[in-house]
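Line by line, the protein sequences are chains R and U.
Take 1 as the starting number for the first sequence in full-length UniProt numbering and just add one per residue.
Take 1 as the starting number for the second sequence in full-length UniProt numbering and just add one per residue.
Any given hint could be a false lead.
Stated by the list, open to error - Using C-beta positions, here's what the derived DEER-type ranges look like:
#	chain 1	residue 1	chain 2	residue 2	range
1	U	LYS549	R	ASN283	27 to 33 Å
2	U	GLN258	R	ASP215	34 to 40 Å
3	U	THR347	R	VAL323	56 to 62 Å
4	U	THR347	R	ASN283	22 to 28 Å
5	U	GLN258	R	GLN176	22 to 28 Å
6	U	GLU429	R	ASP187	33 to 39 Å
7	U	ASP407	R	GLN176	38 to 44 Å
8	R	ASP75	U	ASN558	39 to 45 Å
9	R	GLN306	U	ASP627	49 to 55 Å
10	R	SER264	U	ARG342	33 to 39 Å
Said to hold, decoys possible - Mimicking DMTMM-like on lysine to aspartate or glutamate, the simulated pairs with C-alpha atoms at most 25 Å apart in a straight line are:
#	chain 1	residue 1	chain 2	residue 2
11	U	LYS318	R	GLU219
12	R	LYS162	U	GLU578
13	U	LYS629	U	ASP214
14	U	LYS428	U	GLU385
In case anyone wonders, no lab produced these hints; they're calculated from the structure.
In this text, a Cβ means the ideal position worked out from N, Cα and C, and glycines have one as well.
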Amino acid sequence: MKLVYKNVDKDGQGTVGLIPEEPEDMWHAYNLISEGDSVRSSTIRKVQSESSTGSSTSSRVRTTLTISVENIDFDTQACVLRLKGRNIEENQYVKMGAYHTLDLELNRKFSLRKQEWDSVSLERIDVACDPSKSADVAAVIMQEGLAFVCLITSSMTLVRAKIDVTIPRKRKGFIQQHEKGLQKFYDNVMQAIIRHIDFDIVKCIIIASPGFVKDQFFEYMIQTAIKTDNKLLLENKSKFVLAHSSSGFKHALKEVLQDPAVTSKMADTKAASEVKALEQFYNTLQTEPAKAFYGKKHVEKACEAQAIETLLISDNLFRCQDVRQRKEYVRLVDTVREMGGEVRIFSSMHISGEQLDQLTGVAAILRFPMPELEEDDSEDELEED
Amino acid sequence: MSRHRNVRSMNYSEEYDGYDDVYGHSVEDDYCVSPSEAAFMYDREGSKNKQKIGAFFQTVSNIAEEHEGEVDSKGSGSDIEEARLQSCIDQVKETLGSSFSIKEIVLSLKKNNFDIEKTINDLLMKRADGELKQETDKKGKAITTPHPQKAQVVSSNQTTVNVTKGFDLAQKDISRLCPTPRSESPGSGRVTPINVQSNENEEKPKHKSYGKDDVLNNYKKDRSGEKEHLYMIVIGHVDAGKSTLMGHLLCALGQVNQKTMHKYEQESRKLGKQSFVYAWVLDETGEERNRGITMDVGKSQFETNSKIVTLLDAPGHKDFIPNMIAGAGQADVAVLVVDATRGEFETGFDYGGQTREHALLVRSLGVSQLAVAINKLDTVNWSKERFDEIIQKLKVFLKQAGFKDNDVAFVPCSGLTGQNLVVKPTQKELIEWYQGPTLIEVIDNFRVSERPILKPLRFSVNDVFKGTGSGFCVSGKVETGSLSVGDKVLICPSREVASVKGLLTDDSPKQVVYAGDQAQVTLSGIEMQNVSVGNIICDPQNPVHVTTKFQARVVIFNIAVPITKGYSVVLHHQSLVEPVIVSKLIAQLNKSTGEVIKKHPRCLTKNTSALIEIQVSRPIGVELYSDCKELGRIMLRVGGATIAAGLITKIL
Numbered sequence: 001m002k003l004v005y006k007n008v009d010k011d012g013q014g015t016v017g018l019i020p021e022e023p024e025d026m027w028h029a030y031n032l033i034s035e036g037d038s039v040r041s042s043t044i045r046k047v048q049s050e051s052s053t054g055s056s057t058s059s060r061v062r063t064t065l066t067i068s069v070e071n072i073d074f075d076t077q078a079c080v081l082r083l084k085g086r087n088i089e090e091n092q093y094v095k096m097g098a099y100h101t102l103d104l105e106l107n108r109k110f111s112l113r114k115q116e117w118d119s120v121s122l123e124r125i126d127v128a129c130d131p132s133k134s135a136d137v138a139a140v141i142m143q144e145g146l147a148f149v150c151l152i153t154s155s156m157t158l159v160r161a162k163i164d165v166t167i168p169r170k171r172k173g174f175i176q177q178h179e180k181g182l183q184k185f186y187d188n189v190m191q192a193i194i195r196h197i198d199f200d201i202v203k204c205i206i207i208a209s210p211g212f213v214k215d216q217f218f219e220y221m222i223q224t225a226i227k228t229d230n231k232l233l234l235e236n237k238s239k240f241v242l243a244h245s246s247s248g249f250k251h252a253l254k255e256v257l258q259d260p261a262v263t264s265k266m267a268d269t270k271a272a273s274e275v276k277a278l279e280q281f282y283n284t285l286q287t288e289p290a291k292a293f294y295g296k297k298h299v300e301k302a303c304e305a306q307a308i309e310t311l312l313i314s315d316n317l318f319r320c321q322d323v324r325q326r327k328e329y330v331r332l333v334d335t336v337r338e339m340g341g342e343v344r345i346f347s348s349m350h351i352s353g354e355q356l357d358q359l360t361g362v363a364a365i366l367r368f369p370m371p372e373l374e375e376d377d378s379e380d381e382l383e384e385d
Numbered sequence: 001m002s003r004h005r006n007v008r009s010m011n012y013s014e015e016y017d018g019y020d021d022v023y024g025h026s027v028e029d030d031y032c033v034s035p036s037e038a039a040f041m042y043d044r045e046g047s048k049n050k051q052k053i054g055a056f057f058q059t060v061s062n063i064a065e066e067h068e069g070e071v072d073s074k075g076s077g078s079d080i081e082e083a084r085l086q087s088c089i090d091q092v093k094e095t096l097g098s099s100f101s102i103k104e105i106v107l108s109l110k111k112n113n114f115d116i117e118k119t120i121n122d123l124l125m126k127r128a129d130g131e132l133k134q135e136t137d138k139k140g141k142a143i144t145t146p147h148p149q150k151a152q153v154v155s156s157n158q159t160t161v162n163v164t165k166g167f168d169l170a171q172k173d174i175s176r177l178c179p180t181p182r183s184e185s186p187g188s189g190r191v192t193p194i195n196v197q198s199n200e201n202e203e204k205p206k207h208k209s210y211g212k213d214d215v216l217n218n219y220k221k222d223r224s225g226e227k228e229h230l231y232m233i234v235i236g237h238v239d240a241g242k243s244t245l246m247g248h249l250l251c252a253l254g255q256v257n258q259k260t261m262h263k264y265e266q267e268s269r270k271l272g273k274q275s276f277v278y279a280w281v282l283d284e285t286g287e288e289r290n291r292g293i294t295m296d297v298g299k300s301q302f303e304t305n306s307k308i309v310t311l312l313d314a315p316g317h318k319d320f321i322p323n324m325i326a327g328a329g330q331a332d333v334a335v336l337v338v339d340a341t342r343g344e345f346e347t348g349f350d351y352g353g354q355t356r357e358h359a360l361l362v363r364s365l366g367v368s369q370l371a372v373a374i375n376k377l378d379t380v381n382w383s384k385e386r387f388d389e390i391i392q393k394l395k396v397f398l399k400q401a402g403f404k405d406n407d408v409a410f411v412p413c414s415g416l417t418g419q420n421l422v423v424k425p426t427q428k429e430l431i432e433w434y435q436g437p438t439l440i441e442v443i444d445n446f447r448v449s450e451r452p453i454l455k456p457l458r459f460s461v462n463d464v465f466k467g468t469g470s471g472f473c474v475s476g477k478v479e480t481g482s483l484s485v486g487d488k489v490l491i492c493p494s495r496e497v498a499s500v501k502g503l504l505t506d507d508s509p510k511q512v513v514y515a516g517d518q519a520q521v522t523l524s525g526i527e528m529q530n531v532s533v534g535n536i537i538c539d540p541q542n543p544v545h546v547t548t549k550f551q552a553r554v555v556i557f558n559i560a561v562p563i564t565k566g567y568s569v570v571l572h573h574q575s576l577v578e579p580v581i582v583s584k585l586i587a588q589l590n591k592s593t594g595e596v597i598k599k600h601p602r603c604l605t606k607n608t609s610a611l612i613e614i615q616v617s618r619p620i621g622v623e624l625y626s627d628c629k630e631l632g633r634i635m636l637r638v639g640g641a642t643i644a645a646g647l648i649t650k651i652l
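Construct the complete structure from the given sequences, taking the supplied hints into account.
This is the structure in structure tokens:
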């Protein structure tokens, strides 16, 4: 993302001009724009005009519109962001107050005006405009009969293909069926890799599976590539990394990202560091349960006591419709930072973020144990009952 | 000027009218499936229309046969036979009068190989018993028993089937083999109109009106003459020698012929893995043989004095535990193989070793009887001290795991040398201190658990494959109830109806299978891709619960990371493996009494018991533990380790 200009007042009101450059930037934009903001961007509008004779013609015009956002839609697969809202600026073609849906386009400037730019949004701009891009990684996570082909960018994990095939088990005298099924499965996975992975962008491709599936698959892929003379695969052979995972389900990606062999290849992507942070939280919960808490109520109490060392928070919470709630979370983040604590905003598009979302979306590792939090809780419940 | 330009652009755009509309809306309405989405809509396999049509034709021809039993009986023999049969029928009729139907006579004749005297005797005896009469009169109503068919086998060349597989089936087995469906149709006593609508309506109520007693009686009748059937799983740490031990046992029992054994010996020597020769009996795929480890459950069968044992050889490697769980779900008893070599036992038994995990798993899966084979004792010179040491350690652990003391037997043996497997040991060092039973004797002493045949049908699908002939097959275990050819069944969770075209247990066709049997079911009326591993086949009248959310009481094992709300784990339920989320921690319970210690705990730590709510991403078929033990058990795993085992207490 390119930052064109930034005019933000002291009291937080202001406009920011941005140019999204790659699909992932749409994700950032999705996290930045909230309902009630106004967005100005070039767009295409179908205009109907009626001639004096009464015949109507429709034409397509490119125009620049400013809308007040009412609805935000994000397609995670295609990385397309659509903003629906009313026109708030006079325009040659579009009446004031008429509805329009903006499709944000790559490499086209849009400007975003907010009543209040909070620290989280401003930080998001910084992150989005950080030119030092970390590695793009592709991962194929598989087990017999099931495979996911994923792309891992710094803030998103995108499932590009899911392959689910029933492979007959081995049985006496029917081994061929098993082996045929397996071969078909490998072929499907290989096709998915060729189709969905751009070898120019991706720096490494992780193949992870339990057992020997990964080795067998890799062997099969290279053999087939040699047979069919697939240069693309053969040239990029060195980009493949084999790793171990306990299953072929998507959440096993977490294990893969913890593998030291993989992390060294991936340098320091957000995905890997998020997994690490969440793991740390779980470890603390196991060893010192009084130092790890989750849920808004507990975390806020811990924050009041200035106890938070690391705050894990999902970006999902900042996208909520309720402005008041968003403000509360922003305040939480700001307070923790003020106290010298670390704040990690998890991308809900990553595996670890998904898990954090399930875990109420907010968790904290404390500096000192606060067993009283737990006790409060049980009292509350008694009241509830 | 600007208007002029506008007009120009208008003209230009009219050429792309369709495109325009789409663009103006800025919605890609035309694409009902976005290209990237299309990738998810993977078509598993081409449709099997061809096969289905074939299946349909066959059923039709079957029905024609069944209405006129006579015609069919002629059809199956040659002309000469037919003439002979006709003359025999006449003679018998003369002697006995018309009190017997032609069908009965034909049946009996065939059975007695056209011996008239015998036939007459037979028929009269049967009449006295009233048994045959009842059955043949009932025709379509009664579930047939294989008894009347037994003798028929002699005329059909059924035994050859097994030879190809390198297994000499024991003589007694042959009697259980039924003739092919075609030849049996008149004699089966059970009309099986499967697909034809008109017949189905009449058939259905009759079929369902079976009293429970009928099923039970039939079951008793069916199985009384046979040895009890036992399903046994072999478990243990990787490289404990499970496959070798069982391979050797099979060889010693004469289940593997010399020629095959010799072939394995040659080939394994070529690969430099001579010690794996016995393991090759059970490890069949090239991958398994090359690597020298079992990857999927191997299956075989042998007989002891009082039982027919189906052997399931589980993989020991950590990564293949999902396969092992699928196998163990089908077993009644288990043999835990333990490596006695110094250091090896310890690694297998320590935390993270599979000896521990496997034992816990099979216990949680409902296996209560266990034989512990202390293997590779030859490497420690048959030392009694070592044997006792291992027993000491295991006894404590197994008791904790929930095995009763008298349900666990310890046997010293060696899989490679074959000591103390079938014959009493010859090794001097061992005889000195061991006079106990051999492994086969221990297996023979296992009790067969009760089969819940009176409950509604539940069949868990373990494998889906193309069979020979029409339709496709699923294999798995009949958990409860019974299933017979011609039954309409419901596949859950997809809730599709299919009909049963054929049943096979241990490669022999059956008319009925009962709870506890492992069966191959040929299904028709459903696409192969609509059935997948982990599905439950059930009675349409009494379907299994299909849900995405349920409560379970779980016992949490030794875990490194506590379970919190929202923890994503892998659920194992029968053969089903599915990613799930622990959506709620309802209460922490007292491990022994089950009392609520704490409501809504923040997290669940190791060795505790709790009530949790589980959310599945797509619907699955489950049962309450109180209703059906087999389908009420679940297992939760994370990152290659089993974290909890539980029972379903409430379906939401």
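Hints versus structure:
1. U:LYS549 / R:ASN283: 27 to 33 Å: 29 Å, holds
2. U:GLN258 / R:ASP215: 34 to 40 Å: 35 Å, holds
3. U:THR347 / R:VAL323: 56 to 62 Å: 58 Å, holds
4. U:THR347 / R:ASN283: 22 to 28 Å: With a Cβ separation near 25 Å, U:THR347 and R:ASN283 satisfy 22 to 28 Å, so the hint holds.
5. U:GLN258 / R:GLN176: 22 to 28 Å: 26 Å, holds
6. U:GLU429 / R:ASP187: 33 to 39 Å: The hinted range 33 to 39 Å is violated for U:GLU429 and R:ASP187, with Cβ atoms some 55 Å apart.
7. U:ASP407 / R:GLN176: 38 to 44 Å: 41 Å, holds
8. R:ASP75 / U:ASN558: 39 to 45 Å: Check passed, 43 Å falls within 39 to 45 Å.
9. R:GLN306 / U:ASP627: 49 to 55 Å: Given range 49 to 55 Å: holds, Cβ gap about 53 Å.
10. R:SER264 / U:ARG342: 33 to 39 Å: 37 Å Cβ-Cβ, so the 33 to 39 Å window holds.
11. U:LYS318 / R:GLU219: 22 Å, holds
12. R:LYS162 / U:GLU578: 15 Å, holds
13. U:LYS629 / U:ASP214: 24 Å, holds
14. U:LYS428 / U:GLU385: Measuring from Cα to Cα gives roughly 16 Å; hence the hint holds.
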